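Modelling step: build the complete structure from the supplied sequences, incorporating the hints.
Read top to bottom, the protein sequences are chains A and B.
Residue numbers are given in the working numbering: position 82 of the first sequence equals residue 82, and the series is strictly consecutive.
Residue numbers are given in the working numbering: position 90 of the second sequence equals residue 90, and the series is strictly consecutive.
By construction, these hints were calculated from the structure, which means they are not laboratory data.
Some clues are possibly wrong.
As the list claims (entries may be wrong) - Example chain A residues on the side facing chain B (calculated, C-beta under 10 Å, incomplete):
| hint | residue |
| --- | --- |
| 1 | G396 |
| 2 | M404 |
| 3 | T406 |
| 4 | L437 |
| 5 | F471 |
| 6 | A474 |
Computed from a predicted model, the values in this text were never measured in an experiment.
The beta-carbon is built from N, C-alpha and C at its ideal position, and this holds for glycine as well.
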Amino acid sequence: MDILSTIFKGFRWQDIADIALNSYILFRLYALFRGTNVFRIITGIVLLWILQQVAVWLGLIVTSWVLQGIIAVAALIIIVVFRNEIRSVLQAQNLRAILWGTPFRLASAPTEDIVDAVFSLARQSIGALMVLQVKESLDDVAQGGVTLGAQLSSELLASLFWTGAPLHDGAVIINGDRIERAGVILPLSQDNDMPQEYGTRHRAAIGLSEMTDALVIVVSEERGEVGVAVGGQIYEAPDRTVLSQLLMAHGIGAATSGQRETAETIRMGFSAVFSIVVVAMVWFTFSRGLESIVTVDAPIEYIKRNPDVEIIKASINTVSLSLGGSGPLLRNLHPDQVKVRLDLGGASAGVNAISVTSDNISLPPGVVLKHVQPDVVEVTIDQPVEKELPIQIDWGGTLPPDVMITGATVAPPTSRVKGGYQLLQQVQTLYTEKIILDRLDPSGTVIAKLVPYPASVRVAPGAPDRVEIQFTVAPREGGDNGADTAGDSPDR
Amino acid sequence: MPKASAVVFSVTIGRVSCFTAFDPVPRKTMIQHQWYFRDQLITTKRLHLRPPKWATYSSIQPRQADVGPWRVDVIDPEGNVIRSLRFSIVQ
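See the structure below:
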């Protein structure tokens, strides 16, 4: 149970979608390309990829590079070399068939009609060449001819080979229960080790069966003999029974439509389950097998419910997070995806110890928190208050040597400021902006703005933020009084 | 009585004093002059008062770094602020 809980910990809906989608893609590729050369090459590439992963795991650097290169080139080769085969698979079916359709070949060849036609022709010593297409496309190898697309019948099939018929010289291509093309030219076998009695017709039958999975029935014109070419070999069919058996042995007309459908459904179901298992294994290998841990320094964000609350001090600004997850996820982890948010909603004025838990930490799906260091932050909070402060003139500039400012009044003498309680404890005076002595107004009156200090302190809403200063300028009296630092005297 | 009583003093003046006079002074007691520069306490001077009335003062010798607003709080023996005197040291 522990192992299961470890494996499925942090399992997300995205992971299920990931497995399902890739399983479906694998299943559809199998359904569309099975039995074709493309499928065989893809299987080879997958095996190469597995070898490359093993090489990486074993630390065989050059081997893994070489295999990686071969895989990349092989993928290109597939597309270039088998473009026609891929195209025929994709073009032959509409989008719905590609995405969902089951590639059942329900229309099986009517073997009785074929056998009737074959032996009818054999009896009359009429030569014939019939190609029964299985899975692979014949577009690239069987050339020429006339497209018929006609429903197969023994009479039509036999008539195509009658001497004098325009298409009797070539081969007939049968796909399911239809005669697709007639008068087709087949590639000749290059094999020189053939019986002497085999003519061009037999050589063509063997040639096509060497290159594709098609089954070719050949009727000898001279001897009236029937042969079946499969996989580069010719099998004699002296009577109807043998020919029927040969056809059935290669899956042509072997069973009823219902039986074929059942068998095909079982096969496809097995393929679907196999696809899910394979993809799930690959997924778990990547996401769970390569579990790793990284340490991230994440900045702390404070959520203030009350915008007036001031954070005076925090013991730390970042926390060190140990995060676990799959290697690819952690390698692609962006700092913006890790957020530490501490809610100050329950904090009060003064020092607050706030725990940093997984509830405060936002992580991307699939990444789990292992450890936080430190797990407590001390935050000093200040609540906003208003305070009445006396206003003092902040004189600046240079005092002319011959004058004195003997008195100054401020109206109003006080104003209210707003700021943090602890901060305002230290603030006793509200100063005006600098009143520059070098350019004093001779009227003795000046309007000045109030400049709260420090910057976080503001003049309270509704309180005066300007004051009127009235000052008195007098000529300087001469001489220093010569007083000590501190002194006293009876005032008599 | 103090000479050149003002609210703005040049830093070149050499000395700035705060004079306080009390009348009456019922008994011998003590006051404090607390000198603040921009609300920061710089120095505290303890001064004696004697009956029947008494005048007393404390001084500072400002330097360039002392240019800015100043305040002297006059504190009674119970720690109450009797009066705040505000002035500026300028260039």
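Going through the hints against the structure:
no. : hint : result
1   : G396 : holds (6 Å)
2   : M404 : holds (4 Å)
3   : T406 : holds (5 Å)
4   : L437 : holds (6 Å)
5   : F471 : holds (8 Å)
6   : A474 : holds (8 Å)
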